[in-house]
Structure formats: C-alpha cells, structure tokens
Amino acid sequence: MKARSFVFGGLLAGAMMMATSVGASANFVWCMSDPPIQVVTPGGHNLTVNNMVYLPPYALHLKNKVTDSATVQPDGHGGTLITVHVFVPAPSHVVSSEARYQVRSEKYGSNVISLSLDVPIT
Numbered sequence: 001m002k003a004r005s006f007v008f009g010g011l012l013a014g015a016m017m018m019a020t021s022v023g024a025s026a027n028f029v030w031c032m033s034d035p036p037i038q039v040v041t042p043g044g045h046n047l048t049v050n051n052m053v054y055l056p057p058y059a060l061h062l063k064n065k066v067t068d069s070a071t072v073q074p075d076g077h078g079g080t081l082i083t084v085h086v087f088v089p090a091p092s093h094v095v096s097s098e099a100r101y102q103v104r105s106e107k108y109g110s111n112v113i114s115l116s117l118d119v120p121i122t
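In my numbering, the protein residues as written are 1 to 122.
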C-alpha cells in the first residue's frame, strides 16, 4: 500500500512539474524599470512617475533603447493630467504608475506608447 502511494505521488508530482514548466516558459517576459520621471504639477507639487516595460524574450537586446518622457497639464476638474510617452523598439507592455495617489495606466503596443495618469491634485 505505501509503495503504491509513493509511486503514484511521485508520478503526480513529476507530471505537475512538467505542466508548470511548459506554461511558465510560454508566458516568460523580461521586465525593466526605467528611472522614475519627476514631474511638477501646475500647483507646484512634486510627483514621481514609475514606468515598467515588459519586453518579449526576443527583444531583450533592445532594452537600452527604451526612452520615456512626461508632460503635465491641468485636467479641468481641479487635478492634473500626466501624459507619459514611452518609446519602445519592439511590441511591449508598459505600466505607468504614481504611487502617492495610487494611479496606474497600462497599454500594449510598439513605437510610442502614450499613457494618461489623472491625479487629484493641481
């Protein structure tokens, strides 16, 4: 009884390991974080925007060619609209966030990806 349970458990564990390794390799991407962008709102507040760029494995050699910038303007409702432009040389997934007000935007694309963050402070 114990030997049969041990063999069955070993086979089950091996099958589960093989199934997870196949799924993980199919979904593997490489993530890079650009240095934060410091912006000043129209009201004079300093905010930090963080960008995470998820590149596919075949584009890892292009990671040093990713650049970003941000512009700031009033949103018309007493807040600030931060527009982030990220240049990516290959199709990528980009996530921009501002931690203080927990604002986040994400988009998939190539060339120039523009994201908007609307923070509630001017």
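Please keep in mind that the hints were generated in silico from the structure rather than gathered at the bench. Fair warning: this is a prediction, and the values are worked out from it, not measured in the lab. Heads up, the beta-carbon is just placed ideally off N, CA and C, and yes, glycines get one too. Hints are not guaranteed to be accurate.
Pair ranges (Cβ atoms, derived) [what the hints assert, rightly or not]:
hint	residue 1	residue 2	range
1	Cys31	Ser116	30 to 36 Å
2	Pro57	Asp118	15 to 21 Å
3	Asp34	Gly76	16 to 22 Å
4	Gly43	Asn64	18 to 24 Å
5	Thr67	Gln102	22 to 28 Å
6	Val40	His77	18 to 24 Å
7	Gln38	Asn64	18 to 24 Å
8	Asn111	Gly43	29 to 35 Å
Hints and how they fare:
1. Cys31 x Ser116: 30 to 36 Å: With a Cβ separation near 22 Å, Cys31 and Ser116 fall outside 30 to 36 Å, so the hint is violated.
2. Pro57 x Asp118: 15 to 21 Å: violated (33 Å)
3. Asp34 x Gly76: 16 to 22 Å: Taking Cβ atoms as reference, Asp34 and Gly76 lie about 29 Å apart, which means the hint is violated.
4. Gly43 x Asn64: 18 to 24 Å: violated (35 Å)
5. Thr67 x Gln102: 22 to 28 Å: Given range 22 to 28 Å: holds, Cβ gap about 26 Å.
6. Val40 x His77: 18 to 24 Å: holds (19 Å)
7. Gln38 x Asn64: 18 to 24 Å: holds (21 Å)
8. Asn111 x Gly43: 29 to 35 Å: holds (33 Å)
Hint compliance for this structure: hints 1, 2, 3, 4 are broken, all remaining hints hold.
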